[in-house]
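Q: Below are the chains, spelled out letter by letter.
2 protein chains.
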Amino acid sequence: MRTFLECIPCFFEQALRAGRLATRDETKIKKILDEVGLMLKDISLDSTPPEIGRLIYQKVHEISGNNDPYKEIKIQNTETALKLYPTLKDKLRQSGDSLMTAIRIAIAGNIIDFGARENFDIESELNDIMTKEFAICDYDSFRTLLSQTGRILYIGDNAGETVFDRILIEQMAKPTTYIVRESPVINDATREDAVRAGIDKVAEIISSGTNAPGAILETCNQDFLRLLSQSGLTISKGQGNYEALSGESYPIFFMLMAKCPRIAEDIGIHLNDIILKGINI
Amino acid sequence: MRTFLECIPCFFEQALRAGRLATRDETKIKKILDEVGLMLKDISLDSTPPEIGRLIYQKVHEISGNNDPYKEIKIQNTETALKLYPTLKDKLRQSGDSLMTAIRIAIAGNIIDFGARENFDIESELNDIMTKEFAICDYDSFRTLLSQTGRILYIGDNAGETVFDRILIEQMAKPTTYIVRESPVINDATREDAVRAGIDKVAEIISSGTNAPGAILETCNQDFLRLLSQSGLTISKGQGNYEALSGESYPIFFMLMAKCPRIAEDIGIHLNDIILKGINI
Numbered sequence: 374m375r376t377f378l379e380c381i382p383c384f385f386e387q388a389l390r391a392g393r394l395a396t397r398d399e400t401k402i403k404k405i406l407d408e409v410g411l412m413l414k415d416i417s418l419d420s421t422p423p424e425i426g427r428l429i430y431q432k433v434h435e436i437s438g439n440n441d442p443y444k445e446i447k448i449q450n451t452e453t454a455l456k457l458y459p460t461l462k463d464k465l466r467q468s469g470d471s472l473m474t475a476i477r478i479a480i481a482g483n484i485i486d487f488g489a490r491e492n493f494d495i496e497s498e499l500n501d502i503m504t505k506e507f508a509i510c511d512y513d514s515f516r517t518l519l520s521q522t523g524r525i526l527y528i529g530d531n532a533g534e535t536v537f538d539r540i541l542i543e544q545m546a547k548p549t550t551y552i553v554r555e556s557p558v559i560n561d562a563t564r565e566d567a568v569r570a571g572i573d574k575v576a577e578i579i580s581s582g583t584n585a586p587g588a589i590l591e592t593c594n595q596d597f598l599r600l601l602s603q604s605g606l607t608i609s610k611g612q613g614n615y616e617a618l619s620g621e622s623y624p625i626f627f628m629l630m631a632k633c634p635r636i637a638e639d640i641g642i643h644l645n646d647i648i649l650k651g652i653n654i
Numbered sequence: 374m375r376t377f378l379e380c381i382p383c384f385f386e387q388a389l390r391a392g393r394l395a396t397r398d399e400t401k402i403k404k405i406l407d408e409v410g411l412m413l414k415d416i417s418l419d420s421t422p423p424e425i426g427r428l429i430y431q432k433v434h435e436i437s438g439n440n441d442p443y444k445e446i447k448i449q450n451t452e453t454a455l456k457l458y459p460t461l462k463d464k465l466r467q468s469g470d471s472l473m474t475a476i477r478i479a480i481a482g483n484i485i486d487f488g489a490r491e492n493f494d495i496e497s498e499l500n501d502i503m504t505k506e507f508a509i510c511d512y513d514s515f516r517t518l519l520s521q522t523g524r525i526l527y528i529g530d531n532a533g534e535t536v537f538d539r540i541l542i543e544q545m546a547k548p549t550t551y552i553v554r555e556s557p558v559i560n561d562a563t564r565e566d567a568v569r570a571g572i573d574k575v576a577e578i579i580s581s582g583t584n585a586p587g588a589i590l591e592t593c594n595q596d597f598l599r600l601l602s603q604s605g606l607t608i609s610k611g612q613g614n615y616e617a618l619s620g621e622s623y624p625i626f627f628m629l630m631a632k633c634p635r636i637a638e639d640i641g642i643h644l645n646d647i648i649l650k651g652i653n654i
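Residue numbers (the working numbering), protein chains in the order written: chain A, 374 to 654; chain B, 374 to 654.
No lab work stands behind these hints, which were simulated from the structure alone.
All figures in this text were calculated on a predicted structure; none of them were measured in a lab.
Note that CB positions come from ideal geometry on N, CA and C, so glycine has one too.
The reader is advised that the hints may include incorrect statements.
[What the hints assert, rightly or not] If you only want the chain A side, here are some residues facing chain B, beta carbon under 8 Å, derived:
| # | residue |
| --- | --- |
| 1 | Glu379 |
| 2 | Leu418 |
| 3 | Gly651 |
Take the sequences, apply the hints, and build the full model.
A: Below you can see the structure in the form of C-alpha cells.
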C-alpha cells in the first residue's frame, strides 16, 4: 500500500509517542521530530508506510539511545494476553465452528496495537469482535488451502497478539513457521516476545530479517523470502504487514481490523471492519 | 502560551487540511508538508503556536497560490450563523441575566472553528453551551469593568463566530472597536468577514495588522497596540488569541472553549471547558 498524505501527520504522532516512551528529555524528542521533518522531502508517496516507520524508529533509537522504547508495554501486553488464554480456550471449546472462532480470536489479538492508538480495552473489544460481521471473509478458500498445505507460514504482528496467534496455530494443528521482526520496532513481536507468549511450544520461530513495522520484502532475509515463495498457506497479521505485502504477488491471507481510515479505504472497507482476505489465491 | 511537542503533529494536520482546501494538486500539498518539515528545526518551543501557524499558512499560500483556502467555508459559516441570529436574539430576550446569556452566546460562536476540527453541529452544541458550567468565570470583575469603561476593545476570532460576537456587542451597548486579522489565515475573520456578519453596524472595525491566527503583538500594527494599551475593557475570543496573548501584561478577558488538550492544560481546566477568564485585572 502506498503512503497517503494523511499518513504524514500520523508519522509525527508515532515519532512523538515513541520518543516520549524512549526518553524524558524534551530536547531529544524535539530533535527526533526535527529529523523526521528533514526526512520528509526525501520520502516518496510511492513508499509503503512501514518503510517510513522504519526510518522513524531508527531516528528514535539513534537520538534517544533507546532501541526498545516499547519493551515494558510489550511485556505487559503479553502478560495481559496470557491471563486471557484460558478464557479464549473456553470460548473455542464452546463454539460451533472452532476454526472460525480461532480466526476471530487471532483478529481480536490484533487490537492490541499501541502503534496505532493509546487507549484500548482488550476484553470488551474481544467480545465485540467475536460476534462482529466480517467485511471480507474468504473462509472457504482459507479452509481448502489449510486442508491441502503441509506447512503454514504465519507472519506475526504485535507482542500480546502473539498469544492470540498461538490459539489459532494450536487450532489449525499443522506444522507452522511463525515469523517475527529481527529487532524491536514499535510494539511488534521479536523472537523474545514470541517465546514469552509460548509460540515456541507450537511453532518454529524465524525472523523475517526486517527491522520495519511490516514485512517489507526488500528488508527481509533470504530464509523468509524462500519460505514465502514456497508456502502453501501464508497468514499475514495486522496493518503493518498488510501495508508492506498488499502489493506483492504471493498468495497471502490477511487477518486484521482496519484501525486506520486510509488502510480501510485501500482495502475498500469501513473503519473498524475486520477481514479475512486472500490475495493471489 | 508556549508550543508543546504535541502541537507538532497538529501543525502537519493543519497544513494538510489547509493544503487540501487550497489545491487539488497532491504534489503541491506534499511540497507544503515537506517545507513545514524543513522549518521544524528552526522552530523553538518557546514560540507561541500561532507564530508557527502563521509560517505554515504563508507556505500554503506560497506553494498553492491560494491566499484564502477557507474563503468558501468562512462565507458558509457566516451565512449559517446569520440564520441563527433571530433564534439567538430570542434566547437573549427570554433569559434572566441577558449579559451572561450574551457572553454564553459569544462563547458558543467560538465552536465554529474549522481550524481545530472538521465536524461540528452548531445548533446542538449551542444548546449545550447555554447551560454548561463555566470552569473559570470572572463575571463580577467583567461586569464592573464594563460599567466603568467608555470603550470596549473586542478581539475577534473566526468568521461565523462574528455573528455571535455581534450579539454580545449589541447587549453591552457601549462604543466598541472590533479587531480583525489583516489578511486571511485559516477561518479567522478579516474585515470582509466581519462586515458580512454585520459587525460594521454595531462597532468600528480595525485590523490588528497581523496575518497570524492569533494577535501576536510583534506582528500587530501601532494602532492596535495603542488601543490595547489604553483599553478599559479588552475581550479576546478563541484559542489562537489566547495562545498569542496569555503571556502579555495587559488586562484581558478571554472567552473560549478549550478544544485542544494543551490549551486546557495551560489554563488549568479540562478539555471542552468554557471560560470567562480575566488576566492582569
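Q: Compare the structure with each hint and give your call.
A: Taking the hints in turn, this is what the structure says about them:
no., hint, result
1, Glu379, "holds, 7 Å"
2, Leu418, "holds, 6 Å"
3, Gly651, "violated, 31 Å"
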